[in-house]
Each structure stands twice: as structure tokens, then as C-alpha cells.
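> Chain residues, written in single-letter form:
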Amino acid sequence: MTILFKKYQAWLWVAAFLLVTAASFAIGFDPGKTVFTNFRVSLIEMISFVPFIFIVVGLFDVWLPKEQVQKHIGHESGVKGIALVVLLAMLQAGPLYGAFPVAYVLWKKGISVRNLFIYLGAFSSMKIPMLGIEIGYLGIQFTLVRTLITLPLFIGIGFIMERYLKGKHFEVYEVAPAKEPKKQPPGGIKQPAS
Amino acid sequence: MSNNAIIFISVALILSALSFAMDRQKTIAGFKRGWQMFSRMLLPFLNILIIVSVVLYLISPDDIQHYLGAGSGLLGFAIAAVVGSITLIPAFISYPIAAGLLQQGASYAVVGTFMTTLMMVGVVTLPLEIKYLGRQAAVIRNVLNFFAAIAIGLLIGVIL
Chain A
1 MTILFKKYQA
11 WLWVAAFLLV
21 TAASFAIGFD
31 PGKTVFTNFR
41 VSLIEMISFV
51 PFIFIVVGLF
61 DVWLPKEQVQ
71 KHIGHESGVK
81 GIALVVLLAM
91 LQAGPLYGAF
101 PVAYVLWKKG
111 ISVRNLFIYL
121 GAFSSMKIPM
131 LGIEIGYLGI
141 QFTLVRTLIT
151 LPLFIGIGFI
161 MERYLKGKHF
171 EVYEVAPAKE
181 PKKQPPGGIK
191 QPAS
Chain B
195 MSNNAIIFIS
205 VALILSALSF
215 AMDRQKTIAG
225 FKRGWQMFSR
235 MLLPFLNILI
245 IVSVVLYLIS
255 PDDIQHYLGA
265 GSGLLGFAIA
275 AVVGSITLIP
285 AFISYPIAAG
295 LLQQGASYAV
305 VGTFMTTLMM
315 VGVVTLPLEI
325 KYLGRQAAVI
335 RNVLNFFAAI
345 AIGLLIGVIL
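Those protein sequence lines, which keep their order, are chains A and B.
Per my numbering, the very first residue in the first sequence carries number 1; after that it's consecutive.
Per my numbering, the very first residue in the second sequence carries number 195; after that it's consecutive.
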């Protein structure tokens, strides 16, 4: 029962909304109707293009696997290294905190401090799936202008961070995933380190 | 808006056809990947659309114009920068909000600042970032990004 509840808990909000909407139409509660109209317009807007972006993103993912790009980011500095980390970041998806574990992996593979922060910058503001949706909602002009202004700035931040952290024993640490209590064997027996 | 939809649908169809001609298996795998990612964001997306619909009903266009509009000056800027830095809204679902703000009369500079701080500065996730990068680097990164975001917002306002 609780498991069932947990599984559908996320949908409760949607269900409650639909319920209130249905009630609003039944009793003629105008604010409820207006809110639903707002919702319907934005839902149609979303459905009309967002799924297609994900088709493109999915195809990108299979034809251009991350590992392929990752292999070529060694210690190269210069424009090529910058271009590669930006490209690598652009092919990702998800929020910025999802980039930190990847940053750790890249750090272990020998990425430079500058490229690491350029990666974080590109990850935060230039991911392709995000750009697609941004174009859909805010237009190609806004997206293009924002991207072209942002790119040199986060590259600049990469250079600043490199200078600032020089000789300061900068390190990217490994952080264990937050919740893994289920994987602990019962009785407090410690698993051998893998 | 509908023009954008037509462009996206055409691009998706053309790329799918190309991909299918080159490798059937890979194309199907790609569709599955895409569906996976889409289904993962669908629920948060629906929820935010509901919230936006409710908020748009509660907050009048006049209010938004007053606090974030062209005449809001420094205050609108400050609100956008602070709210964007603190809140943790996935970029995906912040776009409908940004588009709504623009429609209601917010200026490009303010919306640009909001979007950019949202993306590049993370006050809520700072503790996590400190664990990975160390206190010094994480704090400096966020401070630099905060000022960069304001500069970006201003420049967007000047250009658009």
C-alpha cells in the first residue's frame, strides 16, 4: 500500500488539479475554468514541439555517444580542448548538479582546471535539449543572442578560475550518491570496497 | 510559436528518416532514449504548467509589469537576479515561465537575468557543489557567475 502510494504520489498534484477543474466546470466556478484554460493553452503549446526535440536528442545520444567525445579530452589546452569540452557539455541533459559527478570523472581523466570550469559553464547554459526548448518558447533570436553573449563569458570565467586556483591545491572530490541505504546488506556487514 | 513547432517536427522527421536509412536498430534505440528522457520530465513539466496557470490567474499582468516590466528599473533587475539565483527550477520548465513573463510585459533584460541566474548560479545546490569542488572554488564560481549573469541580462536587454 505504501509502496503503491509512493509510486503514484508524484501524480497526486495532477489528479487534484483535474478533480478541482472537473468540479469547477460542474458548479460553474469561474476562476477554476480560467486556470484550466491557461493550462490547456500551455499544454497544447508544449505537446506541439517538445516530444520532437526529444526524438532528436535521443538520436544524438545513440549516434554520438558521450564516451566517444570524452576520449578526446586529454590535457590538450588551447582552442581545440575548449571546443571539445563545450561540445561534450552541449550533448548532456539535466540540471547543473548532475554535472558535478561528470566533472569528477573528467578530473580523474586529467582535464585542466580551465576546461573543467568551461565545461560547467557550457553545461549550465548551452545543453542542446535545453536550447531546443528555449527556441520553442523564447524564439531563435533570444536564444542566439543569449548563447552568443554567454559563451565568451563562461570561457572567461574558466580562465579566471584557472588563475585564481593556481597553487591552491584545487581538487575535485568524489561524493558518494546520497541515498543508497537499500544496497547495504542486512546486519551491518560491510561490503568489500568495489 | 506554431512556426517553431513546424520547424522542430520537420527536423525530427528528416533526421529520423536519415537515421533509419543508415541503421534501423540504432534509430529505434534513439527513439527509446528520447522517450525515456521525455517521460522523466513529463510529470515535473505538467506540474509546473499547472502552477504557472494558477499563478498567472492570481498575479495580474499589471503587477508583473509593475515589478518586472520595462519601467521597473533596478528593482525588477534585483528581483529577477535574486529569485533566479535562489530557486531551483529545472531549465526545461523555466521556459514557459519566462515566456509568460515576457507576454505579461516583463522586459528582455529582466527575463534574461532571471534565466541566466537560474542556469548558472545555484544557492540551494551550493552545499553539494562545495562537496565536489571545495568551498573556495564553489563560492568563487557562483559569485563570478552571478555577475556574469547580470552582465548577460543587461546585454540581452540592450540588443533585443
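The set of hints was computed from the structure by calculation and includes no laboratory data.
Any given hint might turn out to be false.
Said to hold, decoys possible - Sample of chain B residues with no beta-carbon within 12 Å of chain A, all distances over it, derived:
1. 224
2. 229
3. 260
4. 265
5. 268
6. 323
7. 338
What the hints assert, rightly or not - Here are the computed lysine-lysine pairs in the BS3-like style, where the Cα-Cα straight-line distance is at most 27 Å:
8. A:108 / A:33
9. A:33 / A:80
10. A:109 / A:33
11. A:109 / B:325
12. A:168 / A:109
13. A:109 / A:80
14. A:168 / B:226
15. A:168 / A:108
16. A:108 / B:220
17. A:80 / A:108
18. B:226 / A:166
In this text, a Cβ means the ideal position worked out from N, Cα and C, and glycines have one as well.
> Each of the hints needs a verdict: does it hold here or not?
Going down the list of hints, with the structure as the test:
1. 224: Contrary to the label, residue 224 of chain B does not stay out of reach of chain A, its closest Cβ about 4 Å off (not over 12 Å).
2. 229: violated (7 Å)
3. 260: With a cut-off of 12 Å, residue 260 of chain B remains clear of chain A, as the shortest Cβ separation is near 20 Å.
4. 265: Holds, because the least Cβ-Cβ distance between residue 265 of chain B and chain A comes to about 21 Å, which exceeds 12 Å.
5. 268: holds (21 Å)
6. 323: Given a closest Cβ separation of 6 Å, the condition is violated.
7. 338: The claim breaks: residue 338 of chain B does not keep its Cβ more than 12 Å from every Cβ of chain A (closest is about 5 Å).
8. A:108 / A:33: violated (55 Å)
9. A:33 / A:80: violated (55 Å)
10. A:109 / A:33: Roughly 55 Å separates the two Cα atoms, so the pair is violated.
11. A:109 / B:325: holds (19 Å)
12. A:168 / A:109: holds (20 Å)
13. A:109 / A:80: Within the cut-off at roughly 17 Å; holds.
14. A:168 / B:226: violated (45 Å)
15. A:168 / A:108: holds (18 Å)
16. A:108 / B:220: violated (30 Å)
17. A:80 / A:108: Holds, at about 20 Å.
18. B:226 / A:166: violated (44 Å)
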